[in-house]
Amino acid sequence: MARRATPEVNAGSMADIAFLLLIFFLVTTTIEKDKGIARQLPPDEEIQDPPIIKQKNLFIVSVNKDDQLLVEDELMKVGDLREAAIEFLDNGGAPNGSPEYCNYCKGARDPKSSDNPEKAVISVQNDRLTSYSMYITVQNELVAAYNFLRNRESQRLFGWKFTEVKQAIDEGSFNGNEDDAQEKLERIQKLFPLKLSEAEPKKNGQ
Amino acid sequence: MSKFRKKKGGEIPAVNTASLPDIVFMLLFFFMVVTVLRDNNLLVQNTLPKADQLEKLKKDRSVYIYAGKPSSRYKDKYGTEGKIQIGDKFTDISNVKFALTEAREALRPELQDKVMVALKVDEETNTGLVTDVKEQLRDLNMLKIIYITAPGNPTDQ
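Here the protein sequences come in this chain order: V and C.
FYI, the numbering used here numbers position 38 of the first sequence as 38, with every residue one higher than the one before it.
FYI, the numbering used here numbers position 31 of the second sequence as 31, with every residue one higher than the one before it.
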C-alpha cells in the first residue's frame, strides 16, 4: 500500500482548456485602429496687421444650423463640394508672365477666381448648431480636394501618389530612400499648401 | 532484408498531438498580450462620423477627448445635452484645461511636447461644443488634433 506510485495526471484535456481560453481572448480582442482627419490649430496669439486676402482668392463655405451648404453664395450639395474646391484651387488665374503665375495649374484660368494655389484660401464657417457629422463631411471633402491635386502633381513629377507614399512612411512600410521621399512630399505640399481657415462660428440661428 | 520488413501492418500511425497544447498556449499568450481591455468606460454615445481621407493616429502620444450626449443609462442623471468626457468622467468646459494638463503629464516625458489630441465626437453633437474644446486647446498650446472618424464614404447617405 505504502509504495504505490502516484498515478500520472491525465493531461489530455489540457488542450481543450487552452482552446477555451484562446477562443475567449480571440473574441474579446479588439485591435483598435483609430484613424481620422489630422489638423493643426492656429496658435493663440494676436496677429499684427493680418494679411489682406483678395476676395477672389477666398472660397467661402458656410454651413447653417440645418446642415445646408452655401458655397460662394450658392446653395450646393455636399457631393459637389469636392469638385468645386478643386476647380477653385486649381484655377491659376494670374496672367502668364506675372510673378504669381502658376505653371502647373490645369484649371480654367478664370481671372475672377484664385490667382494660384498658394494664394487660395478656403474659409469654412459653421453655425454652432451644425451637426458634427456635417462638419466632418465638409472637412473631409476639402481635404480630399487637396489630396486629389497633390496626387496629380506627385504623379506628374515623381510617378507615385502623394497619399500612398505618405501612408507608407507613416506605417513604416516604405521601402526606398525615406528622407528623399519626405523631401519630395514637402515639395508637393508647397505646391498645394493646405490653407483652410475656420471662422468663429455664428451663434445659433443667425 | 528482414530489417526493412518490420513495419508491415499497413496502419497509418496516429499523429502525435503532444505539442498541440504548447502551440495553443503560444497563441493564447499572444492574444493575452495584445488584448487591451477597454481602459475607460464610455459615458457618452459615440457613433463616429464617416470620412475617407484618413491618417493614422500614433497611440503613444495621444490624449483622448470624448464628446456626445450621455448614453442611455446616464440620461436620467446628466440630461441629454452634449457633454465632454476626459478619462472616465464628465468634464465641464472650464475644467478641460486642467484635465488635459493632467492627461498630458501621464504620457512619457519625451513625447509630451508632441502630444496629439484625439477627438472622438459623436456625429449628432453640435459643432459649437467642438469649437469650445478647440478654443481651450489653443489656449493650452496643444495644437495638433485629429478628428477620429470611422472609415466610409460620407457623401452617400
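Worth flagging that the hints you see were computed from the coordinates, not collected in a lab.
The reader is advised that the hints may include incorrect statements.
In silico DSSO-like pairs for lysine-lysine, Cα to Cα no more than 27 angstroms straight-line [claimed, not checked]:
1. K35/V x K58/C
2. K89/C x K120/C
3. K119/V x K144/C
4. K58/C x K33/V
5. K35/V x K77/C
6. K195/V x K54/V
7. K120/C x K65/V
8. K54/V x K77/V
9. K54/V x K190/V
10. K166/V x K56/C
11. K195/V x K35/V
12. K97/C x K144/C
13. K190/V x K114/C
14. K195/V x K89/C
15. K89/C x K35/V
16. K190/V x K119/V
17. K134/C x K89/C
18. K114/C x K89/C
19. K184/V x K56/C
20. K161/V x K195/V
21. K166/V x K119/V
22. K97/C x K166/V
23. K184/V x K106/V
24. K33/V x K77/C
25. K56/C x K161/V
Covered stretches of chain C, going by a simulated chain V footprint (3 or more residues, C-beta under 8 angstroms) [said to hold, decoys possible]:
26. 11–23
27. 42–55
28. 126–139
Even for Gly, the Cβ is constructed at its ideal location relative to N, Cα and C.
Quick rundown of the hints versus the structure:
{"no.": "1", "hint": "K35/V x K58/C", "in the structure": "9 angstroms, holds"}
{"no.": "2", "hint": "K89/C x K120/C", "in the structure": "15 angstroms, holds"}
{"no.": "3", "hint": "K119/V x K144/C", "in the structure": "24 angstroms, holds"}
{"no.": "4", "hint": "K58/C x K33/V", "in the structure": "10 angstroms, holds"}
{"no.": "5", "hint": "K35/V x K77/C", "in the structure": "32 angstroms, violated"}
{"no.": "6", "hint": "K195/V x K54/V", "in the structure": "14 angstroms, holds"}
{"no.": "7", "hint": "K120/C x K65/V", "in the structure": "21 angstroms, holds"}
{"no.": "8", "hint": "K54/V x K77/V", "in the structure": "26 angstroms, holds"}
{"no.": "9", "hint": "K54/V x K190/V", "in the structure": "20 angstroms, holds"}
{"no.": "10", "hint": "K166/V x K56/C", "in the structure": "11 angstroms, holds"}
{"no.": "11", "hint": "K195/V x K35/V", "in the structure": "22 angstroms, holds"}
{"no.": "12", "hint": "K97/C x K144/C", "in the structure": "15 angstroms, holds"}
{"no.": "13", "hint": "K190/V x K114/C", "in the structure": "23 angstroms, holds"}
{"no.": "14", "hint": "K195/V x K89/C", "in the structure": "36 angstroms, violated"}
{"no.": "15", "hint": "K89/C x K35/V", "in the structure": "24 angstroms, holds"}
{"no.": "16", "hint": "K190/V x K119/V", "in the structure": "12 angstroms, holds"}
{"no.": "17", "hint": "K134/C x K89/C", "in the structure": "19 angstroms, holds"}
{"no.": "18", "hint": "K114/C x K89/C", "in the structure": "25 angstroms, holds"}
{"no.": "19", "hint": "K184/V x K56/C", "in the structure": "20 angstroms, holds"}
{"no.": "20", "hint": "K161/V x K195/V", "in the structure": "21 angstroms, holds"}
{"no.": "21", "hint": "K166/V x K119/V", "in the structure": "24 angstroms, holds"}
{"no.": "22", "hint": "K97/C x K166/V", "in the structure": "32 angstroms, violated"}
{"no.": "23", "hint": "K184/V x K106/V", "in the structure": "21 angstroms, holds"}
{"no.": "24", "hint": "K33/V x K77/C", "in the structure": "32 angstroms, violated"}
{"no.": "25", "hint": "K56/C x K161/V", "in the structure": "17 angstroms, holds"}
{"no.": "26", "hint": "11–23", "in the structure": "holds (count 3)"}
{"no.": "27", "hint": "42–55", "in the structure": "holds (count 7)"}
{"no.": "28", "hint": "126–139", "in the structure": "holds (count 9)"}
Checked against the numbered hints given earlier, the structure breaks hints 5, 14, 22 and 24 and satisfies all the rest.
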